[in-house]
Amino acid sequence: MIFNFVFGRRQREKRTTSALSDLQVGERAIVRELELDHPVAEHLMNLGFVPGLEVSVERSGPGGDPRVYRVEGTEVAMRRELSRHIHVSLVGAPAFGD
Amino acid sequence: MTCHPVARVDDQAVATSYRTVAVVGPPNSGKTTLYNRLTGLRQKVGNFPGVTVEHHIGYIRDQAGEEIALIDLPGIYSLIPKSEDERVAVEVLHGTMPGMPRPDAVIVVLNSNNLNSHLVLAARVIALGLPTLVLLNMADELHKQNGAVDVLALARELGTPVALVSATTGVGLAAVTNFLSSSAPAPEPLELPVIGNTRSVREWAVRVGESANYRRPATPVWTRRLDSIFLHRTWGPVIFLAVVIAVFQMIFIAGKPLQDLIQGFLDSTGAWIGQAMPDGLLRSLLINGVWKGVGSVVVFLPQILLLFLVIGILEDSGYLARAAVIADRTMSRVGLNGKSFIPLLSAYACAVPAIMATRTIESKRDRIATILIAPFMTCSARLPVYTMVIAAFLPGRPLLGPFLNTRAAAMLGLYVLGFLMAVLTARVLKSTILRSKDAPFILEMPPYRWPQASSLALRLVDRGKAFLYRAGTVILLVTLLLWAATNFPMHNGQPPAIQDSVVASVGHAIEPVIRPLGFDWKIGVGLVTSLAAREVIIATLGTINGIDASVHEFDLQTALRHELSLPGAVALLVFFAFAMQCMSTLAVVRRETNGWKWPAAQFAYMTVVAYISAYAAYHITGYFMR
Numbered sequence: 001m002i003f004n005f006v007f008g009r010r011q012r013e014k015r016t017t018s019a020l021s022d023l024q025v026g027e028r029a030i031v032r033e034l035e036l037d038h039p040v041a042e043h044l045m046n047l048g049f050v051p052g053l054e055v056s057v058e059r060s061g062p063g064g065d066p067r068v069y070r071v072e073g074t075e076v077a078m079r080r081e082l083s084r085h086i087h088v089s090l091v092g093a094p095a096f097g098d
Numbered sequence: 099m100t101c102h103p104v105a106r107v108d109d110q111a112v113a114t115s116y117r118t119v120a121v122v123g124p125p126n127s128g129k130t131t132l133y134n135r136l137t138g139l140r141q142k143v144g145n146f147p148g149v150t151v152e153h154h155i156g157y158i159r160d161q162a163g164e165e166i167a168l169i170d171l172p173g174i175y176s177l178i179p180k181s182e183d184e185r186v187a188v189e190v191l192h193g194t195m196p197g198m199p200r201p202d203a204v205i206v207v208l209n210s211n212n213l214n215s216h217l218v219l220a221a222r223v224i225a226l227g228l229p230t231l232v233l234l235n236m237a238d239e240l241h242k243q244n245g246a247v248d249v250l251a252l253a254r255e256l257g258t259p260v261a262l263v264s265a266t267t268g269v270g271l272a273a274v275t276n277f278l279s280s281s282a283p284a285p286e287p288l289e290l291p292v293i294g295n296t297r298s299v300r301e302w303a304v305r306v307g308e309s310a311n312y313r314r315p316a317t318p319v320w321t322r323r324l325d326s327i328f329l330h331r332t333w334g335p336v337i338f339l340a341v342v343i344a345v346f347q348m349i350f351i352a353g354k355p356l357q358d359l360i361q362g363f364l365d366s367t368g369a370w371i372g373q374a375m376p377d378g379l380l381r382s383l384l385i386n387g388v389w390k391g392v393g394s395v396v397v398f399l400p401q402i403l404l405l406f407l408v409i410g411i412l413e414d415s416g417y418l419a420r421a422a423v424i425a426d427r428t429m430s431r432v433g434l435n436g437k438s439f440i441p442l443l444s445a446y447a448c449a450v451p452a453i454m455a456t457r458t459i460e461s462k463r464d465r466i467a468t469i470l471i472a473p474f475m476t477c478s479a480r481l482p483v484y485t486m487v488i489a490a491f492l493p494g495r496p497l498l499g500p501f502l503n504t505r506a507a508a509m510l511g512l513y514v515l516g517f518l519m520a521v522l523t524a525r526v527l528k529s530t531i532l533r534s535k536d537a538p539f540i541l542e543m544p545p546y547r548w549p550q551a552s553s554l555a556l557r558l559v560d561r562g563k564a565f566l567y568r569a570g571t572v573i574l575l576v577t578l579l580l581w582a583a584t585n586f587p588m589h590n591g592q593p594p595a596i597q598d599s600v601v602a603s604v605g606h607a608i609e610p611v612i613r614p615l616g617f618d619w620k621i622g623v624g625l626v627t628s629l630a631a632r633e634v635i636i637a638t639l640g641t642i643n644g645i646d647a648s649v650h651e652f653d654l655q656t657a658l659r660h661e662l663s664l665p666g667a668v669a670l671l672v673f674f675a676f677a678m679q680c681m682s683t684l685a686v687v688r689r690e691t692n693g694w695k696w697p698a699a700q701f702a703y704m705t706v707v708a709y710i711s712a713y714a715a716y717h718i719t720g721y722f723m724r
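From first to last, the protein sequence lines stand for chains A and B.
Quick note: the first sequence uses our numbering, first residue 1, plus one each step.
Quick note: the second sequence uses our numbering, first residue 99, plus one each step.
Just so you know, the hints here were simulated from the structure itself, not pulled from any lab data.
Values in this document were obtained by computation on a predicted structure and should not be read as measured data.
Do not rely on the hints blindly, as some may be mistaken.
Unchecked claim - Derived coverage of chain B by chain A (criterion: at least 3 residues anywhere in the stretch with Cβ under 8 Å from a Cβ of chain A; other residues may be distant):
1. 209 to 215
2. 410 to 424
3. 523 to 532
4. 541 to 553
Said to hold, decoys possible - If you only want the chain A side, here are some residues facing chain B, beta carbon under 10 Å, derived:
5. N46
6. P51
7. P62
8. R67
9. G73
10. E75
11. M78
12. E81
13. L90
14. V91
Built from N, CA and C at the ideal position, the CB exists for glycine as well.
Extracted from the complex, chain B is given alone in its bound form:
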């Protein structure tokens, strides 16, 4: 398959096989599908140090049975290190990325339907001088749409082996195993006018395409037909709304029973383990610490997997790009782009899957901005807290006839409050530290395709694993810490009443700080324990007052009225609307941004906003009550 002068082989080491091979390709080249096809489940996710860019390392065997590591690099158009993605790719290819061996060879994946644009990247990669295999992906679409390319002529022009493949059907992938086993010599340095500016490389690419008799395929007729509906002036937004409602229902309504099912299973197994063990600290640690911690991790899985399934279908089918176009006009008013819409919407169910879903946003700044505002959306864990406090303090009276009573109105007000703070924060962020002048909204529209079940399944496994390993460990750790704080110091080998525990001391310690909001130390304890999950404050207040909150809800309401004045209750609601009372969200933000910088900033910002707003709410309500 190679067509080099034999003379070049001798300066190549006698390596029998490559150890490390990098896979690069532009976005929308089908690189990920191809990569998944090659490595299957034998891959792990990691972050490069100091950047949000994620990579996969997968393993594949060559014909001799030797294991070769395939590094999947981010989708890039060029090797000029401007964006974080490009910098990472360049560093890995040059072998300067810490902790990553220099690849022995490169596989370049291009979309054969868009060769003239994509050859630009190939030129730049070939110019690095590593043994290179060029794969022209999506051959099935090329042939179906009456396109053509002379692979041998192209290989001659590029000086590297070239193969026409289809990652979805698997056609032509033998070329990869051949390449990996062959130790092809490094390519003859291309006569590249090439490394200069993009325009000259582009002109070179057109010339190379011509000499390889490249015929661009026609746009699939279905893509045109569907676009005339999905991007239609009236039907477009209508269909968009229908899709959005379906997604929302899916995570809210289908996710909840699944979540309850898992919770029920964990509770009953916890109880079962508890029966088998003698009463004592170990049992408490195991059930209320470890098992509860595990529970608070896996309980997110149904929502995460469902959301990624839906978004995966939307993304792979090509609709997500259209949805972004439809939503863009609205989102641009708050300084974000259309791609932020679906993640923000899913934050109404839970910020954890929502923040993981922001990875469909290409622009790093928009992605960070979306991550930072997502927790302001009223998630389902806030609902029990809102419901209880509102029920305790606000008599239910009709407000707008039978349609709206005072309690529902208060609830609605809290939703609006969260939304407004999100919009305000987005505006501030986008006009200060996350200004996206350098990264405007530019979106490539892929043709419509049928989503592949195997590719969807792999992504679900990938996301599930990423969440369990990288965020789950933090969540588990914090749950254990909270357990320890409620079970120590011990008295005569017995855990203390909650009033005498470490967590109570924390509550007392922060009392001077929260006193101006109308909160006493008991609410302080609730604020600490609610870090595990917002609704935990209810159970905590129940425990402190000696009331089983799940059975005697009414008693708890009465107790709460003793605890808090009305202004204090309003302050508590406002505090919960704005505060980052959720370590799972923080753990996921850390995982997605690859560091503690953003979650720390977010926690500080939201706490300050919550504190100031609660303070204001306390005094304003107090003023009106006088």
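Chain A on its own, in the form it takes in the complex:
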């Protein structure tokens, strides 16, 4: 029981906060933290990647990189090497269509 509890909790933790790069196409999440140098973080925030806002994975380029994300009506393409450093928490199941 205890083992299950710990195991289950671990799994859930892994599912609730993750990097933006771990999300599947169609999934949505809330931006939590930008673990990036100031100028880059600033630029992303200007584009809408502000903690608290919802971000979704719109599309994937050929080979899965770069991918196109959407925040507040803006679509932004970036590579995984960058989206790895954007921490998010998942909301809901994958959204199909809009």
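Following the hints, position chain B against chain A.
Relative to chain A, chain B alone:
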């Protein structure tokens, strides 16, 4: 339209109108379209001192007929001076930019479809305390996609006049003339929690948006549909390749006849002028100096204009951003990003338009890196040189049945050589001086739109003018210098034979340096004159040997075999593959980077690379022939 307490008007000078007004806005706000709509052709391009950032100054008349200068600032998201663009904008707005008067007022252009993000910039500009007009652009798209905003409520929140406009249709632009004629007082200092960090400004922006009943429009359904094709796993790259081939064909195949047409016209007018004039130095100066110089400038125009037309269509329609996403994975392997692909591809036709096309690359470091490697791509001016030298030294034998003979293989090898050196250089640059850790690939994807003919036309005129004035003058000057070098010193009022001219002395002077590559002074003369354009070396070698290269190509090949050993010929090919033998490219690099620093470094680097490689090629070939 204003809603300020009247009391503030008295500390405003009694100016009847503004003299200088700055236009700022984030990228993708339609600022340039709006600016072009307001000023039309009454604008000129310039560079701010010491930076690569370019600005336009245009003129517009207010209702009283007074002329007002509109300064178009680079597209920026914030006023925190981190990037060169932002630093320039901040300096101009504060009036600390040398040679630029402090603006009396500011027009902020925002995309009404993306208000929450763009209000951040508005907040920071308003906080400067200059009279400000906020334009919410792309109103047509906002309404079509069921978005809405209460302009009056927003004006109340911001303390500045606000207008909903569309730069493409012209709706609402009367607000600009009203503003320019009204001398609205400086805005009440906003209660800005604002100047602090981006996050708090952003939260403020959302609140302001809410009180202005802002409803964000839906993404146009067409954008979603087209993206599901253009960014499709298989169809995306297929369409990308088709577009790339079309662009390439356009500049290579459509550009060439146009170029020949212009060349033919210049030649015949030159001959016509020549007939009307007495033989002599003046005629030679006019025809072989000035007219040829003019010719070597305008001959680039068809390719430049065609390339900018195609890229303009791709950019305005929104496809260029998608193409960059598709090409990014491949380009990232050499340390560049997807936006470098099309400029590098067009460098296969000619480096001059290619380098001008790098302005679609937002990241300064990636742009410089692309400019520096573009001339390694085998441009069409190298082809005549390659063809002649290969034909003179390499017998054409089939290599792979009917598909590939030895000469074609050699040609292909030279293409690969240039490409490999470009990749190598890019890698070295991107891991040393142009490391882009601070500027990773982040690309905003605009919705698809129909390109506007007027906006495209204005850009073509703008680019054409920029090339003619800023690069053309350098090219003309160097052509005149080369003319003088071949026509002096004079003997009894007659220009010397090329063997006795200044250019020949230069050839003799550099002979000790190029001797280790297997070149004699005649090739040296060719290397000097080929600075005008690479293929000029053929005509020069013809002149030195008393052979008309255009008629007796075969004789020239024979002469070349006397001039050069086989190792020397290989060295010459390698030298041409790598050397920056093109002053037009240098002139354009100077123009695009706003200084001699980068072109000088590029010239030095490419010459050293070419010299060392040619030296190696000479000795390796010599070793195998022993």
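Hint check results:
1. Counting residues of the segment 209 to 215 of chain B whose CB falls under 8 Å from any CB of chain A gives 4; the rule of at least 3 is met.
2. Coverage of the segment 410 to 424 of chain B by chain A holds. Counting CB-CB distances below 8 Å, 4 residues qualify, and the rule asks for three or more.
3. For the segment 523 to 532 of chain B, the stated coverage by chain A is violated: 0 residues have a C-beta nearer than 8 Å to a C-beta of that chain, whereas at least 3 were required.
4. Counting residues of the segment 541 to 553 of chain B whose C-beta sits closer than 8 Å to any C-beta of chain A gives 3, which meets the bar of three, so the coverage hint holds.
5. Interface hint status for N46 of chain A: upheld, as the beta-carbon distance to the closest one in chain B is roughly 4 Å, under 10 Å.
6. At its closest, the beta carbon of P51 of chain A sits 7 Å from a beta carbon of chain B; the interface hint therefore holds under the 10 Å criterion.
7. Satisfaction of the interface hint for P62 of chain A is found here, the shortest Cβ-Cβ separation to chain B being roughly 5 Å, below the 10 Å cut-off.
8. Interface restraint check for R67 of chain A: the shortest CB-CB distance to chain B comes to about 9 Å, inside 10 Å, so the restraint holds.
9. Contact between G73 of chain A and chain B, as hinted, is supported at the beta carbon level, the nearest pair being about 5 Å apart and thus within 10 Å.
10. The restraint placing E75 of chain A at the interface with chain B holds, with a minimum CB-CB distance near 4 Å, inside the 10 Å limit.
11. Taking 10 Å as the C-beta contact cut-off toward chain B, the hint placing M78 of chain A at the interface holds, the least distance being around 5 Å.
12. Using the Cβ-Cβ criterion of 10 Å, the hint placing E81 of chain A at the interface with chain B is satisfied: the shortest such distance is roughly 7 Å.
13. Taking 10 Å as the C-beta contact cut-off toward chain B, the hint placing L90 of chain A at the interface is violated, the least distance being around 21 Å.
14. Residue-level restraint check for V91 of chain A is violated (minimum Cβ-Cβ distance to chain B is 18 Å; threshold 10 Å).
Checked against the numbered hints given earlier, the structure breaks hints 3, 13, 14 and satisfies all the rest.
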